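Generate coordinates for the entire structure from the input sequences, incorporating the hints supplied.
Here are the chains, one letter per residue:
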Amino acid sequence: MITINVNGSARQVDADPATPLLYVLRGELQLNGAKFGCGLGQCGACTVMVGGAAAFSCLIPISLVQQRPVKTVEGLGTIDKPGVVQQAFIDEQAAQCGYCIAGMIMRAQALLERKPDPSDAEIRREMTPNLCRCGTHMRILRAVRRASDMMRGKSVDHPVASR
Amino acid sequence: MAAATPASFDAASVERGARLAAVGDCSSCHTASNGRPYAGGVPLATPFGTIHGTNITPDPETGIGGWSEGAFVRAMREGIARDGSHLYPAFPYDHFTHTTDDDLHALYAYLMTRDPVRAPNRANDLRFPFNIRPLIAAWNVLYLRQTAFHPEPSRSAEWNRGAYLVQSLGHCGSCHSPRNALGAEKTDAELAGGEAQGWYAPALNDASPSPLPWTVEQLSVYLRTGIARDHAIAGGPMQEVAGNLAHASADDVHAIAVYIESTMGPLTGDREARANGAQRRAAGGPLPNVSVEDQRIGTSGGTASGNAALAQLGITVYDDACAACHDLGRTDSSSGALRLPLAVAVYDPDPRSLLRIVRDGIAPLPGQPGRWMPAFGSTLSDEQLVALLAYLRAAAAEAPPWRELPKSVREANASP
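Residue numbers (my numbering), protein chains in the order written: chain A, 3 to 165; chain B, 2 to 417.
To be clear, the hints were calculated from the coordinates, so they are not data collected in a lab.
This structure is a prediction, so every number in the text was calculated from the model and none was measured.
A portion of the hints provided could be inaccurate.
As the list claims (entries may be wrong) - Calculated cross-link-like contacts (lysine to any residue; reagent style SDA-like; alpha-carbon spacing at most 20 Å):
id, chain 1, residue 1, chain 2, residue 2
1, A, Lys117, A, Met153
2, A, Lys117, B, Glu159
3, A, Lys117, A, Gly155
4, A, Lys156, A, Pro131
5, A, Lys83, A, Pro161
6, A, Lys117, B, Ala415
7, B, Lys187, B, Arg146
8, A, Lys117, B, Ser416
9, A, Lys117, B, Pro417
10, A, Lys117, A, Met152
11, B, Lys187, B, Ala139
12, A, Lys83, A, Ala97
13, A, Lys117, B, Gly378
14, B, Lys408, B, Gly199
15, A, Lys83, A, Asn34
As the list claims (entries may be wrong) - A few chain B positions that, by computed beta-carbon distances, are all more than 12 Å from chain A:
id, residue
16, Ala4
17, Glu70
18, Gln147
19, Ala182
20, Pro375
21, Thr380
22, Gln385
23, Leu389
24, Glu399
Each residue gets a CB set at the ideal place from its N, CA and C atoms; glycine is no exception.
Here's what the structure looks like:
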């Protein structure tokens, strides 16, 4: 048995130590937010936070998570009470097919926890590892900007849906 | 002297210049990522501060469009710009000074026929006193040797071509030779190993860290593709060098390989023994579980139980994160991954390059085919990284431990 801390609670996992964290999240813990995209750390759909940093969960063997806390998109909020970054993505309607979005949100969350007021260039650089095939990048970048503004209490535009 | 017009150059010179610009790796410093070709702006970190590659497109105001061929030749040979100011020796005119008139003419023809791009040069950020350009005149007196290349009559024409390219346009020594406190290459330690943007640039003389001696053919393929299956997959600055050499003349690259193979010297008994050991470990299936004693982790202090835990952690990291691709035959991976007992970086005198490879992975140049290794920087904690490198050093290379690994990891973390 391997114990990992996910979204604030200790979880016991019965899996081969080399099993990628992503498989454990989805297959064992029913946390299906993180997606399997490429399995090679090339696309970012599986991004979660490990020890406070954005990480490809498809590459981290469960044995190497150790004491580092894992945070997934499910740990940010609920459908009724979305987290700030989730709300910003909804407001900017940043998802098209949505497959990349959980990963995008978690990379943005990690960035904003580390640096609440990144420049636009820093946002672009930070989000580079995560790919979106639909091409909603401009909305995603706006959503990250919006989340930063919301967190710092700045006024933001009306949500896209009501504009 | 007026600048030449594009129409005045014959196509053959332009074509030859393009191939030579590839040997010179000009774009690494003069083309920014996502930037227009040769429009400059690339930041180059040096021990003296940050310097920016300049615009060398034929734009008359911000580039070299107003430069006569004479002004271009003077810049290449003497490090003096058209306006008479000194260029910083980060621009390797100490190598380019050995380039022939013909080759400089071809390069000039090539550059003056590129698309002009209006892009003002970025200011450098150098610390005192290195921000005082006239001081470079003194540097030049000390270190600039404006001599033509002297062929070695006892060697083949191909060897001499390779020697010429390595010492002049190729400027291999800029990274692969050690430098003194004023940033000049140490002439008594040519190609004895240097550094490039946080990477160790391996020695290309008889101190080459490569466990298997390089052959001319392996070098030639590596230089043009960045892939040598029994040695290395190019990463960092060398990846761009190989990306450029792919566009150089194949004969020239082969000549460079002939010369570099010779600078590495003959196969001595010691090197043969090291090669045999590496071959044996590479052929012997999975890497072994090496004990804490064999990893010699205790040599840098720590408690016995802490050291034992670190040794076990290294084995675990390798087994669970690396072995699926790097242990031949363990899974159905492509077998494209290097067998680590043959990987040059594990034998380097310091861990800088291996740290960067593990942290940043290896991705093909944009739009190019190539090998892929994921970046493990956010996957592994610093402690796991230290444990992995200590383990690889012992199990894959059977080499003495790298000193102060945690410090090396901290230094790598502090630099992009």
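*Among all the numbered hints in the text so far, which are the ones the structure does not match?*
2, 4, 20, 21, 22, 23
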